[in-house]
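Peer 1: Order-wise, the sequence lines are chains A and B. Per the working numbering, the very first residue in the first sequence carries number 275; after that it's consecutive. Per the working numbering, the very first residue in the second sequence carries number 275; after that it's consecutive.
Hints were generated in silico from the structure; no laboratory data involved. Among these hints, one or two may not hold up.
No distinction is drawn between identical chains; accordingly, a pair holds when it is met within one copy or between any pair of copies.
As the list claims (entries may be wrong) - Quick list of in silico lysine-lysine cross-link-like pairs, DSSO-like style, CA-CA up to 27 Å:
| hint | residue 1 | residue 2 |
| --- | --- | --- |
| 1 | K478 | K890 |
| 2 | K288 | K815 |
| 3 | K344 | K291 |
| 4 | K398 | K918 |
| 5 | K407 | K334 |
| 6 | K398 | K571 |
| 7 | K398 | K921 |
| 8 | K401 | K918 |
| 9 | K826 | K291 |
Number of protein chains: 2
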Amino acid sequence: MCGIFAYLNYLTPKTRKEILDFLITGLQRLEYRGYDSAGVGIDGTSNAQITIIKKQGKVKTLEDEIEERKGELDFEGVTNVHVGISHTRWATHGVPSAVNSHPQRSSEDNRVIVVHNGIITNYKDIKTFLITKGYTFESDTDTEVIAKLVDHMHATHPACSFKEIVEKAICQLEGAFACAFKSTLFPGELVATRRGSPLLVGIKAEHGLDTDSIPIQYSAESDSKARGHEPVESPQIPRRKKSGTLRLGTHTDSTAEIAPRDPKDAVEYFFASDASAIIEHTNRVIYLEDDDVAAVKDGVLSIHRMPHDGSSSDSATNREITTLKMEIQQIMKGNFSSFMQKEIFEQPDSVVNTMRGRINFETESVVLGGIQKYIPEIKRCRRLLLIGCGTSYHSAVACRQLLEELSELPVIVDLASDFLDRGSPIFRDDVCFFISQSGETADTLMALRYCKDRGALIVGITNTVGSTISRESHCGVHINAGPEIGVASTKAYTSQMLSLVMFALVMSDDRISFQPRRQAIIQGLKQLPSMIEKVLKQDEKVLEIAQTLHEKRSLLIMGRGYNFATCLEGALKVKELTYMHSEGIQSGELKHGPLALVDSEVPVLMILMRDAVYMKCMNALQQVTAREGRPILILEEGDTETMKWAKDGHYIEVPRIVDALQGILTVIPMQLLSYHLAVLRGCNVDCPRNLAKSVTVE
Amino acid sequence: MCGIFAYLNYLTPKTRKEILDFLITGLQRLEYRGYDSAGVGIDGTSNAQITIIKKQGKVKTLEDEIEERKGELDFEGVTNVHVGISHTRWATHGVPSAVNSHPQRSSEDNRVIVVHNGIITNYKDIKTFLITKGYTFESDTDTEVIAKLVDHMHATHPACSFKEIVEKAICQLEGAFACAFKSTLFPGELVATRRGSPLLVGIKAEHGLDTDSIPIQYSAESDSKARGHEPVESPQIPRRKKSGTLRLGTHTDSTAEIAPRDPKDAVEYFFASDASAIIEHTNRVIYLEDDDVAAVKDGVLSIHRMPHDGSSSDSATNREITTLKMEIQQIMKGNFSSFMQKEIFEQPDSVVNTMRGRINFETESVVLGGIQKYIPEIKRCRRLLLIGCGTSYHSAVACRQLLEELSELPVIVDLASDFLDRGSPIFRDDVCFFISQSGETADTLMALRYCKDRGALIVGITNTVGSTISRESHCGVHINAGPEIGVASTKAYTSQMLSLVMFALVMSDDRISFQPRRQAIIQGLKQLPSMIEKVLKQDEKVLEIAQTLHEKRSLLIMGRGYNFATCLEGALKVKELTYMHSEGIQSGELKHGPLALVDSEVPVLMILMRDAVYMKCMNALQQVTAREGRPILILEEGDTETMKWAKDGHYIEVPRIVDALQGILTVIPMQLLSYHLAVLRGCNVDCPRNLAKSVTVE
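Can you make the complete structure from the sequences, with help from the hints?
Peer 2: What follows is the structure in structure tokens.
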């Protein structure tokens, strides 16, 4: 929910202004993860001090504050070795305010400071304990206990290194976290660790590195034995059986640390919640795993591990340095007013990227490399489960019908959180799909582990290579939509749908009776990019409609069949971006309650395509009209008969495509509408209030 | 959606005032089915005329209009033989208005008039055809074509009887209907028919009847042969294989008609959409089946059939006269201000009625007589499907977790309409539950037939003995909640849940490891009535909360786990009754979008019981609080720690019960809240706008 960024320069002289600029730019890249307050912690003018600057509000507010205090901060002072940590927050415990912002600290003299992404579930118990030890607390956060607990560990184990006291502290923590620490007791050193929340390290060395991977050091003093794990001292074959998606190498270099080739060489380290904050500095990164503790001392990075709970998270014995393929311009928003708008208009391209190399339109064949060898096993399964949260869940709803049709299997769609609450029965012959743009969604990941423990085959559908879900799946489909920065998901939704459609095509490729249906869909896919362009041309008309709606408080969106998911997704977009109370309603349920809401005041939007449920949708339309509702319609291009029913000619024409793909086209006007409504209402499109891009806590 | 009532008196002299009173009282009993306009059709002062009186608004408006015109209507005139038909409407085609009300007529001289409940889907084609025949139309209804089509059939077949021309006309209709006809061409005769919508006949004869059942006459001239059916001329063994729930007798009396013992004897017939309009006159009724045409001529009732589409609806060869066990006081609202309020407060009794004779608290055993012999078959099934609409669907959501736990089977919950839209795969080893208070819900019934055609075992869960769903199921559970008149379902919901809980107990009775869990639930069931009473005592407190909320436009209701269904159901109740835009939100989804809605203005209600998801719910609560949301809480009795989080002390305490039953207790404050909000907002509690009790069209 929050974004962490830390920067360590070793023997690379930087002015304090340069360091602060790095930190602020890093936070700006991560701002989509949270933006209600931000803070930095850097060395004070003497090495024995730490200066913390925190502000409620967006990163820009923090930047302005720093600019204002530039004299006091000694902008021009140069440091040879320095550690800076920073944080952009999305509040979970305690309202947004300066005192609740990060870094949180151990004491008024800032002995130990920490930035944290996640939730500590047992923080109350720890707080109670620390109060008995004489600590007093200044914030309402769960994070503050971490800083004070590390400080307490130092007080009780004065001989231990920085890394060791952090290890001792996090052994006591329950919940999810990624943290970076800085301390006046260990100047020039940085320690970072994660469990549940993502964290990666970028490395930039002037003269290259002496290794391409780094073996894990298991702490001799770790409590692994007590927990039933053998301490692992030497490299082993990774424990994972199905290694199809294993991103980590098996390189067995015996060097225990990573360092520049020449010990006197300059090196810089960047710690961040995701790659977008690192890519502009270096493309060489290490993804940390759960319970890794990374420490940098004297310019040397080492990774230590305390086996915590080996059952839920596989771990290899090395961390390979991978090369990011992302390009910097991919994450810039170009000529658009917001990332979200850019991402909506990218969809003619992003759907092509999703299909590239997978569909051969000549031979009408579909191959999904990431799951190809599992297809025989999948075809023998008892049922398919599709699990996700929010927009990803809607993509599953959208494709359920086609999957049922082409796989002839029962298809169950579940919200990850509800699925976990119920502790639903899972069988060894189930195939479970986990859908998540970031690949880090906490509920989806926990559902994945639940199903994996019960022996089901795990298929990941993510947009982020190397994400936890893609690493822990047996096989998967990378949706290839490109980085999505806008908090409200748009192009990832259409690409998720497309991935599921391609999967349905693969499942039916050997069935003669399904060939005409498959051909119709594949031909539809071929036309999809140009049809999306056609829909995007309606942008002006959508804006006109938005102008009539933006002062309303509620919006009902109705449809059924293949377009029901569009109603749910459209309503979610409007909710997220405009704070209007919108709701997606299955037209068939109208008479069982929601029709009571309809009168001449409440705006209603209905989707009426000429598919198998057109007549049923017309019935719903007539009921709404009979109650003096005056609906806005999303309808089929050239359907002049249906147009007559639209309020003041307020309709949006969408080209006809094969029914199973229609939802990809009908959702685009909803994306545009939510965007225009948000702009008209003066809302921040890319950073809606209260929301963060990647939800890495339950 | 509409209510039909017709009254025929034969050799029983009645004043026109008495006849009109019968019609109006009948409509009042049916008013819960629709109440936006009403009308009656009776003989004019000469038999060759028909007078129609129609008014927009509730039945009371029509009653006032009749009172005003009493001089012109000749209140004191006595008729020996008379047919009156009447209708209370819930608009589907055409806005509520006098001209769109029923009876609809063939022509300005009211040659043929009809009242209709249902939707004619091909009315546009018929209208186009009739216009070519010179008919002109005055209303926007689909019903008007029926009257004109019957008239057209008379014009083209002048020798045919009233029954025959109606048969010819309805052969041309597609959709759902129940109709009653009256004509100046056939004075003293009444014809009624149904397909899809319910209709029954009450019979009151001074000296008893000459038979207890009535054989079906198959029309010689029917088009059954053309449709691939053999015309059936004589009684046969019913085609249904599993006759466990067959309500119709196999009495094979050869009399083709029903008549009083002495042909000169007085007899009265009452045709109505349901029994509540008939019970005060007689308890002897015949439930008509799809495609039955009932005709009364010279005081004699006969039932004819045109086989229409034999595949979807079983039909016996007799219609038995059944005796209604309903009592008149059961349908009166007593000291309560509305039926809904009465039904909420009846729940301590209605849950006892649901459990009566089924649970033995001494031996901790559960027997469901209606499905007992199918249990071995059900235990061998592949999966359980629970299908319903609106509130019935929510009862399935509420029990899914317990069913998954105790049956160890995959449990799928689907909206009937969405299930049908998807054409979901169904297998012979599936067990499908169909849940409907009325047993007549059109979508649920169609889903039932879809699953039955594919060989699944069909289990009905209804509140109405003799309803179509209970007749067409292989087996079932009658929830025994007593008649529910309020359009918004309350006691039926809790009894539906209870029936599913009992089913889960039956499924696990032979499993040793489940015994402690079963015992805990059975002990919970024993305490349930007294605990419901405890919750009902919070009524004053709920009213106080309602007073702070009733001017708001939106309401968000959040919870998860066993209480998620309560959020959905609570939001539906508020929507139905108060026209506030309320929405039930899974707390786990909050961070995936809905949290953007939360600020200090939007009212939020959260359910926080001390169950397995308490900590997760507290996380959600803290997020809402961090966004300055000030939630109203439904929490566990005596949970002083959680109370502190409630806005201005606005919380409702609910006693703790075993988690699987908690939803029955948490929904009651939501029922009370929606009731009080509706009263405070000046809404009609029993007849919410735009809604009808029983949704008998798609």
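Peer 1: Compare the structure with each hint and give your call.
Peer 2: To see whether the hints hold, each was checked on the structure:
In this homomeric assembly, K478 and K890 never come within 27 Å of each other (Cα to Cα): the closest approach is 61 Å inside a single copy and 41 Å across copies. For the identical chains of this complex, K288 and K815 are neighbours neither inside a copy (52 Å) nor across copies (65 Å), given an alpha-carbon limit of 27 Å. For a Cα distance limit of 27 Å, the shortest separation of K344 from K291 inside one copy, 8 Å, qualifies, whereas the shortest one across copies, 94 Å, does not. For the identical chains of this complex, K398 and K918 are inter-copy neighbours only, at 16 Å across copies versus 61 Å inside a copy, given an alpha-carbon limit of 27 Å.
In the homo-oligomer, the alpha carbons of K407 and K334 never lie at most 27 Å apart, since the shortest distance is 38 Å inside one protomer and 76 Å across protomers. Taking CA atoms no more than 27 Å apart as the test, K398 paired with K571 passes in neither setting, with 32 Å inside one copy and 82 Å between copies. For the identical chains of this complex, K398 and K921 are inter-copy neighbours only, at 22 Å across copies versus 55 Å inside a copy, given an alpha-carbon limit of 27 Å. In this assembly of identical chains, the alpha carbons of K401 and K918 lie at most 27 Å apart only when taken from different copies (19 Å versus 65 Å within one copy).
Proximity of K826 to K291 under the C-alpha cut-off of 27 Å is found in neither arrangement, the shortest distances being 47 Å within a copy and 51 Å between copies.
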